[in-house]
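Residues in the sequence shown are numbered from 68 upward in steps of one, following our numbering.
It is worth saying that the hints were derived from the structure and are not from the lab.
All the pointers check out, no bait thrown in.
Below, computed lysine to aspartate or glutamate pairings styled on EDC-like, alpha-carbon distance capped at 20 Å:
1. Lys121 / Asp131
2. Lys143 / Asp131
3. Lys121 / Asp106
4. Lys143 / Glu162
5. Lys121 / Asp109
Label pairs and their calculated CB-CB ranges:
6. Arg322 / Arg272: 36 to 46 Å
7. Cys78 / Leu203: 37 to 47 Å
8. Leu295 / Asn268: 37 to 47 Å
9. Ala122 / Ser261: 49 to 59 Å
10. Phe207 / Val230: 23 to 33 Å
11. Ile367 / Gly135: 23 to 33 Å
12. Gln126 / Gln166: 23 to 33 Å
13. Ala384 / Gly250: 20 to 30 Å
14. Gly144 / Ala83: 17 to 27 Å
15. Leu314 / Arg272: 43 to 53 Å
16. Gln166 / Leu259: 13 to 23 Å
17. His136 / Pro86: 16 to 26 Å
If you're wondering where the values come from, they're calculated on a predicted model, not measured in any experiment.
Heads up, the beta-carbon is just placed ideally off N, CA and C, and yes, glycines get one too.
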Amino acid sequence: MARSRELLRYCATRLALAPVMLWLIATLVFLLLRVAPGDPVDAVLGSRAPAAAKALLRQRLGLDMPLGHQYLDFLKGLLHGDLGSALINQEPVREIIAQALPASLELSITALALAALVGLSIGFSGIARPEGKLDLAGRFYGIGTYALPPFWVAMLLQLLFAVILGWLPVGGRFPPSLVAPSGSGFLLFDSLRSGDWDAFNGAVRHLVLPACTLGLLLSGVFTNALRLNLRRALRSDYVEAARSRGLNERQVVLRHALPNAMLPVLTIAGITVASLIGGALLIEVTFSWPGIALRLQESINQRDYPVVQGIVVVVAALVVMVSVVVDLLVALLDPRVRY
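Using the sequences plus the hints, can you model the full thing?
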(Lines of atoms letter the chains of each structure in order from A and count residues from 1; the text may use other names and numbers.)
(Lines give C-alpha, C1' and ligand atoms only; values in the text may rest on other atoms or scores of the structure.)
Protein backbone atom coordinates (compact mmCIF):
# COMPACT_ATOMS: atom_id res chain seq x y z
CA MET A 1 0.00 0.00 0.00
CA ALA A 2 2.81 2.39 0.91
CA ARG A 3 4.61 1.61 -2.35
CA SER A 4 1.41 2.32 -4.32
CA ARG A 5 1.12 5.76 -2.72
CA GLU A 6 4.78 6.47 -3.43
CA LEU A 7 4.35 5.34 -7.03
CA LEU A 8 1.32 7.61 -7.50
CA ARG A 9 3.25 10.52 -5.99
CA TYR A 10 6.18 9.82 -8.33
CA CYS A 11 3.85 9.68 -11.36
CA ALA A 12 2.17 12.93 -10.38
CA THR A 13 5.55 14.64 -9.96
CA ARG A 14 6.82 13.47 -13.35
CA LEU A 15 3.59 14.52 -15.08
CA ALA A 16 3.66 17.92 -13.36
CA LEU A 17 7.25 18.55 -14.45
CA ALA A 18 6.52 17.78 -18.12
CA PRO A 19 4.76 21.13 -18.90
CA VAL A 20 7.55 23.01 -17.10
CA MET A 21 10.17 21.30 -19.26
CA LEU A 22 8.19 22.13 -22.40
CA TRP A 23 7.88 25.78 -21.37
CA LEU A 24 11.63 26.02 -20.74
CA ILE A 25 12.42 24.45 -24.12
CA ALA A 26 9.95 26.70 -25.95
CA THR A 27 11.38 29.79 -24.23
CA LEU A 28 14.95 28.81 -25.03
CA VAL A 29 14.12 28.20 -28.71
CA PHE A 30 12.28 31.52 -28.94
CA LEU A 31 15.25 33.45 -27.52
CA LEU A 32 17.90 31.61 -29.53
CA LEU A 33 16.09 32.30 -32.79
CA ARG A 34 15.87 36.01 -31.97
CA VAL A 35 19.58 36.37 -31.24
CA ALA A 36 20.72 34.16 -34.14
CA PRO A 37 22.34 35.97 -37.09
CA GLY A 38 20.23 36.63 -40.16
CA ASP A 39 16.96 38.42 -40.83
CA PRO A 40 13.85 36.43 -41.82
CA VAL A 41 12.61 39.43 -43.81
CA ASP A 42 15.74 39.25 -45.96
CA ALA A 43 15.08 35.54 -46.47
CA VAL A 44 11.61 36.35 -47.82
CA LEU A 45 12.27 39.52 -49.85
CA GLY A 46 16.01 39.35 -50.41
CA SER A 47 18.68 41.62 -48.96
CA ARG A 48 18.31 44.17 -51.81
CA ALA A 49 14.59 44.78 -51.31
CA PRO A 50 13.50 48.40 -50.60
CA ALA A 51 13.54 49.43 -46.96
CA ALA A 52 9.85 50.37 -47.12
CA ALA A 53 8.90 46.88 -48.30
CA LYS A 54 10.98 45.32 -45.54
CA ALA A 55 9.36 47.54 -42.90
CA LEU A 56 5.88 46.68 -44.19
CA LEU A 57 6.57 42.94 -44.11
CA ARG A 58 8.16 43.19 -40.66
CA GLN A 59 5.03 44.95 -39.41
CA ARG A 60 2.72 42.37 -41.03
CA LEU A 61 4.64 39.51 -39.43
CA GLY A 62 4.71 41.19 -36.02
CA LEU A 63 8.50 41.36 -35.96
CA ASP A 64 8.42 45.10 -35.23
CA MET A 65 6.78 44.51 -31.85
CA PRO A 66 8.84 44.47 -28.62
CA LEU A 67 10.42 41.13 -27.80
CA GLY A 68 8.23 40.66 -24.73
CA HIS A 69 5.09 41.18 -26.79
CA GLN A 70 6.27 38.65 -29.38
CA TYR A 71 7.00 36.16 -26.60
CA LEU A 72 3.55 36.53 -25.04
CA ASP A 73 1.90 36.09 -28.45
CA PHE A 74 4.02 32.98 -28.99
CA LEU A 75 2.98 31.45 -25.65
CA LYS A 76 -0.65 32.39 -26.20
CA GLY A 77 -0.60 30.64 -29.56
CA LEU A 78 0.96 27.52 -28.03
CA LEU A 79 -1.75 27.33 -25.37
CA HIS A 80 -4.41 27.45 -28.09
CA GLY A 81 -2.60 25.00 -30.36
CA ASP A 82 -1.78 27.73 -32.88
CA LEU A 83 1.82 27.45 -34.08
CA GLY A 84 1.51 30.32 -36.53
CA SER A 85 2.18 30.37 -40.27
CA ALA A 86 5.37 29.98 -42.29
CA LEU A 87 7.02 33.25 -43.27
CA ILE A 88 7.87 32.03 -46.75
CA ASN A 89 4.47 30.86 -48.03
CA GLN A 90 2.07 31.55 -45.13
CA GLU A 91 1.25 27.84 -44.85
CA PRO A 92 0.05 26.96 -41.33
CA VAL A 93 2.87 25.42 -39.32
CA ARG A 94 0.50 22.81 -37.94
CA GLU A 95 -0.16 21.52 -41.46
CA ILE A 96 3.57 21.46 -42.29
CA ILE A 97 4.24 19.33 -39.21
CA ALA A 98 1.25 17.09 -39.91
CA GLN A 99 2.66 16.33 -43.36
CA ALA A 100 6.26 15.68 -42.27
CA LEU A 101 5.91 14.04 -38.86
CA PRO A 102 4.31 10.73 -40.01
CA ALA A 103 7.23 10.15 -42.39
CA SER A 104 9.75 10.58 -39.58
CA LEU A 105 7.74 8.43 -37.17
CA GLU A 106 7.37 5.65 -39.74
CA LEU A 107 11.11 5.67 -40.41
CA SER A 108 12.07 5.94 -36.72
CA ILE A 109 9.78 3.17 -35.48
CA THR A 110 10.87 0.78 -38.24
CA ALA A 111 14.55 1.54 -37.63
CA LEU A 112 14.13 1.10 -33.87
CA ALA A 113 12.42 -2.28 -34.34
CA LEU A 114 15.25 -3.47 -36.59
CA ALA A 115 17.89 -2.14 -34.21
CA ALA A 116 16.31 -3.83 -31.20
CA LEU A 117 15.84 -7.15 -33.02
CA VAL A 118 19.39 -7.32 -34.38
CA GLY A 119 21.17 -5.65 -31.48
CA LEU A 120 19.50 -7.64 -28.70
CA SER A 121 19.95 -10.92 -30.59
CA ILE A 122 23.68 -10.30 -31.01
CA GLY A 123 24.04 -9.10 -27.43
CA PHE A 124 22.30 -12.19 -26.06
CA SER A 125 24.06 -14.72 -28.31
CA GLY A 126 27.42 -14.53 -26.57
CA ILE A 127 26.26 -14.63 -22.96
CA ALA A 128 26.50 -18.43 -22.63
CA ARG A 129 30.28 -18.28 -23.03
CA PRO A 130 31.78 -14.95 -21.83
CA GLU A 131 34.94 -13.95 -23.67
CA GLY A 132 34.16 -16.62 -26.27
CA LYS A 133 34.04 -16.02 -30.00
CA LEU A 134 30.39 -14.94 -30.06
CA ASP A 135 30.88 -12.61 -27.10
CA LEU A 136 33.94 -11.00 -28.69
CA ALA A 137 32.11 -10.69 -32.00
CA GLY A 138 29.23 -8.96 -30.20
CA ARG A 139 31.65 -6.57 -28.52
CA PHE A 140 33.31 -5.61 -31.81
CA TYR A 141 29.91 -5.29 -33.49
CA GLY A 142 28.63 -2.96 -30.80
CA ILE A 143 31.68 -0.72 -30.90
CA GLY A 144 32.03 -0.81 -34.69
CA THR A 145 28.44 0.06 -35.60
CA TYR A 146 28.36 2.83 -33.00
CA ALA A 147 31.47 4.41 -34.52
CA LEU A 148 30.41 4.20 -38.19
CA PRO A 149 29.71 7.57 -39.89
CA PRO A 150 25.99 7.68 -40.80
CA PHE A 151 26.54 9.49 -44.10
CA TRP A 152 29.18 6.96 -45.19
CA VAL A 153 26.96 3.98 -44.35
CA ALA A 154 24.02 5.52 -46.19
CA MET A 155 26.07 6.22 -49.31
CA LEU A 156 27.57 2.71 -49.25
CA LEU A 157 24.16 1.03 -49.03
CA GLN A 158 22.83 3.29 -51.78
CA LEU A 159 25.76 2.42 -54.03
CA LEU A 160 25.46 -1.32 -53.44
CA PHE A 161 21.71 -1.98 -53.41
CA ALA A 162 20.41 0.88 -55.57
CA VAL A 163 23.15 1.68 -58.09
CA ILE A 164 25.08 -1.58 -58.56
CA LEU A 165 22.41 -4.22 -57.88
CA GLY A 166 19.38 -2.07 -58.71
CA TRP A 167 17.21 -3.85 -56.16
CA LEU A 168 15.96 -0.76 -54.31
CA PRO A 169 15.29 2.91 -55.12
CA VAL A 170 18.00 5.47 -54.34
CA GLY A 171 15.76 7.78 -52.34
CA GLY A 172 12.34 9.25 -51.82
CA ARG A 173 9.43 7.86 -49.86
CA PHE A 174 7.03 6.64 -52.53
CA PRO A 175 7.15 5.78 -56.26
CA PRO A 176 6.27 8.89 -58.31
CA SER A 177 4.36 6.71 -60.80
CA LEU A 178 1.80 5.71 -58.15
CA VAL A 179 -0.81 7.67 -56.21
CA ALA A 180 -0.02 7.71 -52.50
CA PRO A 181 -2.91 6.49 -50.32
CA SER A 182 -4.53 9.18 -48.20
CA GLY A 183 -5.38 8.96 -44.54
CA SER A 184 -3.07 9.02 -41.55
CA GLY A 185 0.13 9.91 -43.43
CA PHE A 186 1.69 6.55 -42.52
CA LEU A 187 2.00 5.05 -45.98
CA LEU A 188 2.43 1.45 -44.86
CA PHE A 189 -0.71 1.58 -42.72
CA ASP A 190 -2.75 3.53 -45.27
CA SER A 191 -1.85 1.20 -48.15
CA LEU A 192 -2.68 -1.88 -46.07
CA ARG A 193 -5.98 -0.39 -44.95
CA SER A 194 -6.97 0.43 -48.54
CA GLY A 195 -5.77 -2.95 -49.85
CA ASP A 196 -3.45 -1.28 -52.37
CA TRP A 197 -0.63 -3.83 -52.56
CA ASP A 198 1.26 -1.95 -55.26
CA ALA A 199 1.40 1.10 -53.00
CA PHE A 200 2.42 -1.05 -50.03
CA ASN A 201 5.21 -2.70 -52.02
CA GLY A 202 6.43 0.70 -53.24
CA ALA A 203 6.40 2.18 -49.74
CA VAL A 204 8.29 -0.82 -48.31
CA ARG A 205 10.96 -0.71 -51.04
CA HIS A 206 11.59 2.99 -50.38
CA LEU A 207 11.68 2.43 -46.61
CA VAL A 208 14.19 -0.45 -46.61
CA LEU A 209 17.44 1.47 -47.19
CA PRO A 210 16.94 4.40 -44.77
CA ALA A 211 15.45 2.14 -42.08
CA CYS A 212 18.27 -0.41 -42.40
CA THR A 213 20.87 2.35 -42.28
CA LEU A 214 19.44 3.81 -39.08
CA GLY A 215 18.78 0.36 -37.62
CA LEU A 216 22.34 -0.78 -38.29
CA LEU A 217 23.83 2.31 -36.65
CA LEU A 218 21.58 1.99 -33.59
CA SER A 219 21.78 -1.77 -33.12
CA GLY A 220 25.22 -1.53 -31.55
CA VAL A 221 23.76 0.59 -28.73
CA PHE A 222 21.35 -2.23 -27.85
CA THR A 223 24.10 -4.85 -28.17
CA ASN A 224 26.40 -3.02 -25.76
CA ALA A 225 23.62 -2.22 -23.30
CA LEU A 226 22.35 -5.80 -23.09
CA ARG A 227 25.85 -7.32 -22.91
CA LEU A 228 26.97 -5.07 -20.06
CA ASN A 229 23.76 -5.26 -18.02
CA LEU A 230 23.33 -9.00 -18.52
CA ARG A 231 26.89 -9.73 -17.43
CA ARG A 232 26.41 -7.50 -14.39
CA ALA A 233 23.16 -9.28 -13.55
CA LEU A 234 24.78 -12.72 -13.85
CA ARG A 235 27.31 -11.71 -11.17
CA SER A 236 24.66 -10.41 -8.76
CA ASP A 237 23.66 -11.99 -5.44
CA TYR A 238 20.11 -12.91 -6.47
CA VAL A 239 21.41 -14.85 -9.48
CA GLU A 240 23.87 -16.72 -7.27
CA ALA A 241 20.99 -17.49 -4.92
CA ALA A 242 18.98 -18.87 -7.86
CA ARG A 243 21.91 -21.09 -8.85
CA SER A 244 22.22 -22.35 -5.27
CA ARG A 245 18.58 -23.49 -5.40
CA GLY A 246 19.50 -25.90 -8.18
CA LEU A 247 18.15 -23.99 -11.20
CA ASN A 248 19.93 -24.70 -14.46
CA GLU A 249 21.75 -21.91 -16.29
CA ARG A 250 18.98 -21.44 -18.84
CA GLN A 251 16.41 -20.83 -16.10
CA VAL A 252 18.80 -18.52 -14.27
CA VAL A 253 19.38 -16.38 -17.36
CA LEU A 254 15.82 -16.25 -18.69
CA ARG A 255 13.90 -15.96 -15.41
CA HIS A 256 16.26 -13.92 -13.22
CA ALA A 257 19.09 -12.19 -15.08
CA LEU A 258 17.43 -11.18 -18.36
CA PRO A 259 14.35 -9.37 -16.92
CA ASN A 260 16.59 -7.19 -14.74
CA ALA A 261 19.06 -6.56 -17.56
CA MET A 262 16.25 -5.43 -19.87
CA LEU A 263 15.16 -2.51 -17.67
CA PRO A 264 18.10 -0.26 -18.65
CA VAL A 265 17.60 -1.35 -22.25
CA LEU A 266 13.99 -0.14 -22.02
CA THR A 267 15.25 3.28 -20.96
CA ILE A 268 17.70 3.36 -23.86
CA ALA A 269 14.92 2.40 -26.29
CA GLY A 270 12.77 5.28 -25.07
CA ILE A 271 15.56 7.81 -25.38
CA THR A 272 16.50 6.47 -28.81
CA VAL A 273 13.03 6.63 -30.34
CA ALA A 274 12.57 10.16 -29.00
CA SER A 275 15.87 11.41 -30.37
CA LEU A 276 15.32 9.69 -33.72
CA ILE A 277 12.24 11.78 -34.50
CA GLY A 278 14.25 14.95 -34.99
CA GLY A 279 17.76 13.59 -35.12
CA ALA A 280 17.83 11.59 -38.36
CA LEU A 281 18.80 14.61 -40.44
CA LEU A 282 21.72 13.05 -42.33
CA ILE A 283 19.64 10.01 -43.25
CA GLU A 284 16.66 12.09 -44.39
CA VAL A 285 18.92 14.34 -46.48
CA THR A 286 20.83 11.43 -48.05
CA PHE A 287 17.69 9.48 -48.96
CA SER A 288 15.52 12.54 -49.75
CA TRP A 289 13.13 11.37 -47.05
CA PRO A 290 10.47 14.08 -46.49
CA GLY A 291 10.54 13.97 -42.71
CA ILE A 292 10.52 16.47 -39.90
CA ALA A 293 14.32 16.75 -39.65
CA LEU A 294 14.67 17.67 -43.32
CA ARG A 295 11.90 20.24 -42.97
CA LEU A 296 13.61 21.70 -39.91
CA GLN A 297 16.88 22.13 -41.78
CA GLU A 298 15.14 23.92 -44.65
CA SER A 299 13.35 26.24 -42.21
CA ILE A 300 16.58 27.09 -40.38
CA ASN A 301 18.26 27.98 -43.67
CA GLN A 302 15.30 30.21 -44.56
CA ARG A 303 15.20 31.84 -41.08
CA ASP A 304 11.55 30.79 -40.87
CA TYR A 305 10.96 31.41 -37.15
CA PRO A 306 7.42 30.00 -36.80
CA VAL A 307 8.25 26.70 -38.54
CA VAL A 308 11.45 26.18 -36.54
CA GLN A 309 9.68 27.02 -33.27
CA GLY A 310 6.74 24.77 -34.07
CA ILE A 311 8.86 21.78 -35.09
CA VAL A 312 11.16 22.05 -32.06
CA VAL A 313 8.24 22.38 -29.65
CA VAL A 314 6.38 19.39 -31.14
CA VAL A 315 9.52 17.23 -31.18
CA ALA A 316 10.31 18.31 -27.62
CA ALA A 317 6.77 17.39 -26.56
CA LEU A 318 7.23 13.92 -28.05
CA VAL A 319 10.62 13.53 -26.36
CA VAL A 320 9.21 14.58 -22.99
CA MET A 321 6.17 12.32 -23.41
CA VAL A 322 8.27 9.27 -24.28
CA SER A 323 10.70 10.01 -21.44
CA VAL A 324 7.86 10.27 -18.92
CA VAL A 325 6.26 7.02 -20.13
CA VAL A 326 9.60 5.18 -19.93
CA ASP A 327 10.31 6.55 -16.45
CA LEU A 328 6.88 5.45 -15.25
CA LEU A 329 7.30 1.97 -16.76
CA VAL A 330 10.70 1.53 -15.13
CA ALA A 331 9.33 2.72 -11.79
CA LEU A 332 6.42 0.29 -12.10
CA LEU A 333 8.57 -2.70 -13.09
CA ASP A 334 11.63 -2.09 -10.91
CA PRO A 335 11.01 -2.04 -7.14
CA ARG A 336 14.55 -0.68 -6.61
CA VAL A 337 13.60 2.73 -8.05
CA ARG A 338 13.49 5.38 -5.33
CA TYR A 339 10.54 7.75 -5.42
